[in-house]
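Undergrad: Sequence:
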Amino acid sequence: MNELSMAIRDLDEDKVYQLVEKELAGGASALDIINSCNEGMVAVGELFSQCTYFISQLIFSAEILKAVLQRIEPLLEGAAVGQQRGKVVIGTVKGDIHDIGKNIVVTLLRGSGFDVIDLGVDVPAEKFVSALKESGAKILGMSALLNFTYPEMKNVVDAVSAAGIRDKVKIIIGGAPVNEQVREFCGADFTAGDAVAGVGICKSIYEELSC
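Take 20 as the starting number for the sequence shown in this note's numbering and just add one per residue.
In case anyone wonders, no lab produced these hints; they're calculated from the structure. Because the structure is a prediction, the values reported are computed rather than measured. Beta carbons are placed, not taken as given, at the ideal position from N, Cα and C, and that holds for glycine. Check the hints yourself; a few may be wrong.
Simulated crosslink set (SDA-like; lysine to any residue; CA at most 25 Å straight-line) [as the list claims (entries may be wrong)]:
1. Lys173 / Ile220
2. Lys85 / Val61
3. Lys146 / Glu203
4. Lys106 / Ala178
Derived Cβ-Cβ restraints for the label pairs, each shown as a range [stated by the list, open to error]:
5. Pro93 / Asn21: 39 to 49 Å
6. Gln89 / Gly46: 14 to 24 Å
7. Asn198 / Lys34: 31 to 41 Å
8. Ser149 / Val61: 26 to 36 Å
Put together the whole structure using the sequences plus the hints.
TA: Given below as structure tokens:
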């Protein structure tokens, strides 16, 4: 891990902000900074799973990351001028209120020129379906951190099918516990191992549709 990743891991708020400014001044890209922060957040999650950190530290780390994303989001938006890649509906499924990973994906997608409909957290299946119908988005992204929400991911996929639009929408799932077995269980099309991978999948889907 680099210095910024370790500062995130150690919850050293002032140092994180100082390092972000230093990185930007040195010519680092917003994506480089996000990758470093993501690595630090993974370390925070590991410490939480080991009971070294508790929920208060987890919440604090999310607040630090939120401030960093707010600082660099204008840079990503500027990079996206002139690009219109398509629409993406995204949200954290019902029963889960974690949004750290989702927010990183949203920031990267918007920075890549996507029109993102962010439904937030604890989103019921019918809200996902309504957003897809209203927006005409060809991609649905679902995020979850809690493994007991897997059935809810499946409920969303089933609801999209019941609405008669499954063949028009590619579904991507992501989150720390998500893997290929979960994708098969849910009936999703793709699983994204991290935020950068998720954005890459979205780009590929819309590039294929434009061919």
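Undergrad: Compare the structure with each hint and give your call.
TA: Each hint, compared with the structure:
1. Between Lys173 and Ile220 the CA atoms are separated by roughly 20 Å; this keeps the pair inside 25 Å, and the hint holds.
2. For the suggested pair Lys85 and Val61, the alpha carbons sit about 15 Å apart, so the restraint of at most 25 Å is met.
3. Taking the CA atoms of Lys146 and Glu203, the gap is near 23 Å; set against the 25 Å cutoff, the hint holds.
4. A threshold of 25 Å between alpha carbons decides the hint, and for Lys106 with Ala178 the separation of about 20 Å falls inside it, so the pair holds.
5. One distance hint, 39 to 49 Å for the beta-carbon pair Pro93 and Asn21, is violated here, with the actual separation near 23 Å.
6. The hinted range of 14 to 24 Å is satisfied by Gln89 and Gly46, whose Cβ atoms lie roughly 21 Å apart.
7. A C-beta distance of roughly 34 Å is found between Asn198 and Lys34, which places it inside the suggested range of 31 to 41 Å.
8. A C-beta distance of roughly 33 Å is found between Ser149 and Val61, which places it inside the suggested range of 26 to 36 Å.
In summary, the structure is inconsistent with hint 5 from the numbered list given earlier, while agreeing with all the others.
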